[in-house]
Amino acid sequence: AQTVTQSQPEMSVQEAETVTLSCTYDTSESDYYLFWYKQPPSRQMILVIRQEAYKQQNATENRFSVNFQKAAKSFSLKISDSQLGDAAMYFCASQTNNNNDMRFGAGTRLTVKP
Amino acid sequence: SQTIHQWPATLVQPVGSPLSLECTVEGTSNPNLYWYRQAAGRGLQLLFYSVGIGQISSEVPQNLSASRPQDRQFILSSKKLLLSDSGFYLCAWTGQPNQPQHFGDGTRLSIL
Numbered sequence: 001a002q003t004v005t006q007s008q009p010e011m012s013v014q015e016a017e018t019v020t021l022s023c024t025y026d027t028s029e030s031d032y033y034l035f036w037y038k039q040p041p042s043r044q045m046i047l048v049i050r051q052e053a054y055k056q057q058n059a060t061e062n063r064f065s066v067n068f069q070k071a072a073k074s075f076s077l078k079i080s081d082s083q084l085g086d087a088a089m090y091f092c093a094s095q096t097n098n099n100n101d102m103r104f105g106a107g108t109r110l111t112v113k114p
Numbered sequence: 001s002q003t004i005h006q007w008p009a010t011l012v013q014p015v016g017s018p019l020s021l022e023c024t025v026e027g028t029s030n031p032n033l034y035w036y037r038q039a040a041g042r043g044l045q046l047l048f049y050s051v052g053i054g055q056i057s058s059e060v061p062q063n064l065s066a067s068r069p070q071d072r073q074f075i076l077s078s079k080k081l082l083l084s085d086s087g088f089y090l091c092a093w094t095g096q097p098n099q100p101q102h103f104g105d106g107t108r109l110s111i112l
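Sequence lines, in order, name chains X and C.
So the first sequence is residues 1 to 114, counted in our numbering.
So the second sequence is residues 1 to 112, counted in our numbering.
Bound conformation, chain C alone (with noise of 0.2 angstroms):
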């Protein structure tokens, strides 16, 4: 079966450090990937998304970037991190089209 992970769960940083998140998928090929961010009380923000090795879409212009360097690894990063990037990022996948979404436990990412 397939499985979803994404770590950390918890994240305290300085503004101004960089940032890595990482998600991978199991037990699928060739998956589309996505990250999202939630704002306390808030519903999904899309970030980017991804449809294969190196293919990065961007919906929202920001201070984060992303990649895809494997096909079931997508890695959310950012080189300085502002206090507006705190909140609770989430990574989805989907494999066949117009299936569900299928969402990792999420990241709490607090900046200081």
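Isolated chain X (complex conformation) (with noise of 0.2 angstroms):
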């Protein structure tokens, strides 16, 4: 079985500033898939970053990143320049290679202050 931990519920930032958002995870499955994805107020779930499991090299997707730590079961999405726009619910979840078994953390609420 799958878990996701996600130990911020709430995290603010200073627009233009940079942010980090914990996720840990456990799994016994030795192929799978990590994703971080953004809940706006009008509650659309949008994928913001994906990472394979296999590769070593952290996702990059223009501001957004991750730092993944295998071995310690952690996957932290890293928000540079921060923008008002960035203010939503963030979700980090895990997928097995069956894709059938996607598992969500509690999410983190991001304010960002002008």
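Just so you know, the hints here were simulated from the structure itself, not pulled from any lab data.
Check the hints yourself; a few may be wrong.
Negatives, chain C to chain X, calculated, CB over 10 angstroms [said to hold, decoys possible]:
(1) Thr3
(2) Ser20
(3) Leu44
(4) Ala92
(5) Asp105
Pair ranges (Cβ atoms, derived) [claimed, not checked]:
(6) X:Lys113 with C:Ser65: 19 to 27 angstroms
(7) C:Pro18 with X:Asn62: 41 to 49 angstroms
(8) X:Ala72 with C:Pro18: 41 to 49 angstroms
(9) X:Leu84 with C:Arg42: 19 to 27 angstroms
(10) C:Val15 with X:Glu52: 41 to 49 angstroms
(11) X:Pro114 with C:Gln45: 31 to 39 angstroms
All figures in this text were calculated on a predicted structure; none of them were measured in a lab.
Just so it is clear, CB atoms sit at the ideal spot from N, CA and C, and this is done for glycine as well.
Dock the two chains into a complex; use the hints.
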């Protein structure tokens, strides 16, 4: 079974600054995938970034990057140059190779201060 | 391109009434389909998933059921709603194995 833990219920960041959201996971699978999703007030679930567990290189998507520490089972999200539109709930998720078992963390609410 | 449609966006139902939420996917064939529920301020809980027509797997035993009458149609149902069924329901799909799930806009269900 998989579990995903987000230990920060809320975070805030000043506009243009950098913030890191934490996520740890536990899985018995050797082949899995990790994701960060963003859920703005509209409640749409928007994929932010994806990491394959077999890849050592950290994924990067514009201002969003991850710090993937496989041995520690840690998958944090770094948002650089934070913008007001980054304010949202952020969910970390893991998915096993069979594609039918995606587990989500409880989420971190990010506030961006102007 | 692929799109996912979910309706209705908002629904208010009395306790004991039936429920039918519909989700359809366009632009792909044989997708894996998922129903999630999100309680207020919480993460997503997987309710059902389907890998093909008529194939439904249930993650959490409860008052709800799911059906997949067509390849790209996924329906969430209940015969008698409970107060605890209130929440935000999200449908999702994925095509190729190990690709991210793509979500619909969700249905906010309130039970009175």
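The hints, checked one at a time:
no.	hint	result
1	Thr3	holds (13 angstroms)
2	Ser20	holds (21 angstroms)
3	Leu44	violated (4 angstroms)
4	Ala92	violated (8 angstroms)
5	Asp105	violated (6 angstroms)
6	X:Lys113 with C:Ser65: 19 to 27 angstroms	violated (45 angstroms)
7	C:Pro18 with X:Asn62: 41 to 49 angstroms	holds (45 angstroms)
8	X:Ala72 with C:Pro18: 41 to 49 angstroms	holds (48 angstroms)
9	X:Leu84 with C:Arg42: 19 to 27 angstroms	holds (25 angstroms)
10	C:Val15 with X:Glu52: 41 to 49 angstroms	holds (45 angstroms)
11	X:Pro114 with C:Gln45: 31 to 39 angstroms	holds (34 angstroms)
Going through the hint list in order, the structure does not satisfy hints 3, 4, 5 and 6.
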